[in-house]
Amino acid sequence: MGIRQGILLALVFVPVLAAIPVLLVPSGRAARLIALIITAFELALSLVPFAVFMQPRPDGWLVRLDLSWIPAFGINFSLGLDGISLLMAALTAFLFMLSVLVSWDAIRDKSPMFHFMLLVMETCVMGVFLSTDLFLFYLFWEVMLVPMFFLIGVWGHGRKVYSAVKFFVYTFTGSLFMLLAIIGLYVIHGSQAGEYTFALEALKSTHVEPATGLWLFAAFFIGFAVKVPVFPIHSWLPDAHTDAPTAGSVILAGLLLKTGAYGLIRFGFPLFPEASAAYIPVILAVGIIGVYYAAWIAYAQEDMKRLVAYSSISHLGFVVLGIAAWNEVSLAGSVLQMVNHGITTGALFIMVGMLDERMHTRDISAFGGLWSKAPGLSAFFLLFIVSSLGLPGLNNFAGELLILVGLFKEYPYLAAAAFAGVVFTLIYLLRLAQKVLFGPPATDAEFHDLSPREAAILVPLAILVVVIGLYPRILIGPIEGPIKALVSPVAAVKTAGATPQAATAPAQTAAADRGGTP
Amino acid sequence: MASPITWILLLPLLGALFNGLLGWMLKRRVVETVACASVAGSSVAACIAFAGMGNGTDVVLYDWLSAGGFSAPFTLRLDAISATMAVMVTGVSFIIHLYSVGYMREDEGFARYFALLNLFVAAMLLLVLAGNLPLMFVGWEGVGFCSFGLIGFWYSDPANATAGRKAFIVTRIGDVAFGVALIWLFYLTGTTDIAAINAAAPALPAATATYLGLLLMFGAAGKSAQLPLTVWLPDAMAGPTPVSALIHAATMVTAGVYLLMRMFPVISVSSDALAVITTVGAVTAFYAATSALGQRDIKRVLAYSTISQIGYMVMAVGAGALSAALFHLVVHAFFKALLFMAAGCIIQALHEEHDIFNMGGLMTRMPTVFWCFLAGALALAAAPGTGGFFSKDEVLAATLGHGGALYTALWALGEVTAFVTAFYIFRVVALVFMGGMKKESAGLPARLPGTMVWSLVPLAVLAIAGGIINLPATWGGSGYLSGLLASQGLAPHAEAGHGWAVQAVSAVVCASGIGAAYYMNLINPALRERLAARYADLNDFLFRAWGLDALYYRLFVTPFGNIADLLWHRVDEGAINRALDGIGDGLAWTGSMMRLSVTGRASTYIMATIVGAAAIVLYFAVNGGV
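Respectively, the protein sequence lines represent chains A and B. Mapping the first sequence onto this note's numbering, position 501 (from 1) lands on 501, and the numbers just tick up by one. Mapping the second sequence onto this note's numbering, position 508 (from 1) lands on 508, and the numbers just tick up by one.
These aren't lab readings, by the way, just hints derived from the structure by calculation. Only a predicted model underlies this, so the values are computations on that prediction, with no experimental measurement involved.
Straight line, CA to CA, 25 Å or less: simulated DMTMM-like cross-link-like pairs of lysine to aspartate or glutamate: (1) A:K373 with B:D157; (2) B:K27 with B:E108; (3) A:K204 with A:E274; (4) A:K110 with A:D356; (5) A:K484 with A:D59; (6) A:K204 with A:D66; (7) B:K27 with B:D107; (8) A:K484 with A:E274; (9) A:K204 with A:E142; (10) A:K484 with A:D66; (11) A:K204 with A:E480; (12) A:K484 with B:D63; (13) A:K204 with A:D59; (14) B:K27 with A:D449; (15) A:K373 with B:E108; (16) A:K373 with B:E106; (17) A:K373 with B:D107; (18) A:K373 with A:D105.
Interface residues of chain A toward chain B, partial, derived using beta-carbon atoms under 8 Å: (19) P232; (20) I233; (21) S235; (22) Y293; (23) W296; (24) S372; (25) V386; (26) L401; (27) L402; (28) L404; (29) K409; (30) A416; (31) F419; (32) A420; (33) I427; (34) P440.
Covered, in the sense of this in silico footprint (three residues per stretch, anywhere, with C-beta under 8 Å from a C-beta of chain B), are these stretches of chain A: (35) 325 to 331; (36) 390 to 396.
The beta carbon of each residue, even a glycine, is placed where N, CA and C say it ideally should be.
Could you put together the complete structure from these sequences and hints?
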């Protein structure tokens, strides 16, 4: 095992190993300090690959780690790092460090336990993004729910226990479907090949009967879709977000939702190219409905956290559309957008948390005219709002445009309809900006501008928003290779099956008129 | 980096960054100096670049956005159209920055103001110089954002913030059409580069080009406040007056026209699209001119006037007269910025009085402002010899020269609009500057800083003499601008039917409009009162700009909020949530979990899960590992 594999292993296990001393220290101050050091170390570790080993191996991975774990069942401890998982791992490390920072003063109750949960969570999320063995993946995926459950249920507010249980039941139920499908696929592959294994690469070659494939993919899809979440199985999310502590919301929106989309990209589509193609109309439909439906509801929200929560559903609708279109451009857009959403929505949740800490309410109508009281805080808030609404030149636009361009290639009318969704986004976000930042001050209460700690949290987020917007290639570069590898097998199936929607498209017709395809 | 083209864009951007990040801790004079100097430098760079552009130059800075086959590098392109725009934008912006120094002399938000103003100029220049459509889209929405921020600059009044929001939303509705056209064009031509798209355009089927033309027109309608997306611009007057002059008269609102000019080779494949565009322009021009008649707020008169004048530019594009469109765009920028800035002087001098019926007799009290405003008004009314005369005449001549019943009818409508234009602007001149002061309580006009008043003079000169950039042969000119565009193959050298006959018609129309306004408002005001009383409904109809805003409110705004509430309470919290909770409750194990949670012992279940999971893993590890 070389240094590269060591980094991979450390990414996954350092947090959970550090979690034990965190639990044992007597004071909350020591616990949060250890957690900060560990998460900072993780961040540094996750950035190493960007700097030193971006040259992929012949099989496309940057680093692989394969250890035999339970050979009797064909279970391996397999981790793999490619450009996509690298971005996700870096995002994970970044957001966990911010989560520690935002909880610095906010979490006083049972602080060691809180940081223990955070660190266990980090291991699980890292594991999900790095596993290439389905059993291992499922293990991380499932255990991930537990610390999240406690983060919401113990350190949340409002109807926190209801929301925690709801989160658990929804996602756990979804995962059960996925577990069944994993076992099903395992058995089918084993009986065909004579070798029982949970290895992703091996399972990809399984020949699944079309009818069986439809069931298996559906089960996978439900498991992932609950996490994304996809309309209409999203209703755990507004509650969970609203009642979670700020760190919980950041991790939920920034990372847990991404595990769903990541699962579709890494496992769902590649494992079932035929079956996934058959479901594409359904996936497109729930994607576009999610874009509009959640945006529309977001407009009616009075609780800022709930507003941002619905905005997440709407934004993830774009990601789902990009995945469903499954071409190099749309997938690059979706992955980029997963990172962007983590940054921007994470930032918005953090800022709502800051407002909540000051005013002890998240009710939009309790705010107003903030710009005159706290211009620094207001400027950051406005920046993240315009990032979220996809202002060109900032991060979200790059991802959204690529998704729409890729989508247009397959489904031009749908892409046009999705494009129009940005108007809805604009409407609810400008309402938020106006009610909170502008107008006459709602109260005479004193209102502090950013503290140095808060500024230290927001500045890196703001820098990322601008840098990714101006130079998105910094993220697209690493993922182009892996995406190309993902696209070709599925695309081959799709072209063989011929998608009827594309045939009637104006672009295609026009291209045909000119006697050539674009 | 050495290229002056890069500096055109970079200087205002750096100014915005500097003032935006550091302005809060700097002295007012430093912020003002940086803001003005950055635009001045940009203006110099634009002139240098213009002089040395040759047949057009590209500067590729870096690979901005690309994935798969899609690619949009950060490319700046200087050619006759973009160079002319850049020189105009930076020049007018510089004068408006100077004026702002005076106008905002007492405002505490100066750092935010100048940072946004600089950022706006940068975004506008990016829009103008962008070599490909995605990059242009960045500038395109960037100016929309700056406009939002500047309209709502005095944010404490919710009405201002709402006006800013409205502007952003309405223009973005148009942006979607532009965005879709952008993507579609990429798949049709395999490129996002504007020049390459235009080179491939002749091969496009006419039907496709028609749809593309309509999408681009709708996109242009948002930014340029053409029908049906006119409603945001009058409200945008809530912003500081220099903002109105810069964004809502001289530069941003012409972006739509610029887009149509840039993509003309695509649009021109379809004669249907061209006919629609000409019609939209002519009808908007008429609609807005009549609406201007019904306004009492001096800034709203000018706002409707802007919509109307942009209608002429759109009309020119539809008639295929690109050089006429660009000519009118540039001259309009001069005289409309002038009119707004003069209006700003009047408003500040009269202590925030906006109603023209409360003004009067300012000719003797503010002579410099009067003469400058008069110069602008003459240019707007297209008095013979002024810049507006030549540019508007070229538009009308091109429309008439296009031939066909539709174009002839639209030309006639354009002449009627010209009459209304002369009438409404000289109504303002008569009411504001002539006669006696209506509201003596307002007191004597306040003294204005020199930067405000003297900024008007160069624009007044340009408004009057601006015609020389494209003087027709009948006046001894050679059509410099048309020639420049033609030399780069950007537009056919249109020697429009710009003869004495058309000019005579225009002169008569202008003179009768001015005369009628003078008669009704000064010689025989009783007639005006009688007509106003008799046609009160019509007056109200025009005041409400044909009721378009109210209609949109009823059709879109109110239902939007209602549906949002319905979806939230009835569908999401109601149907979906309850159904899924119901399914959950139906399952026994879930039900028991819910009960556990009620008793606060949900954690026991979770612990059981962990223990269970650990047991399973351990089992596998022990048994399997052997």
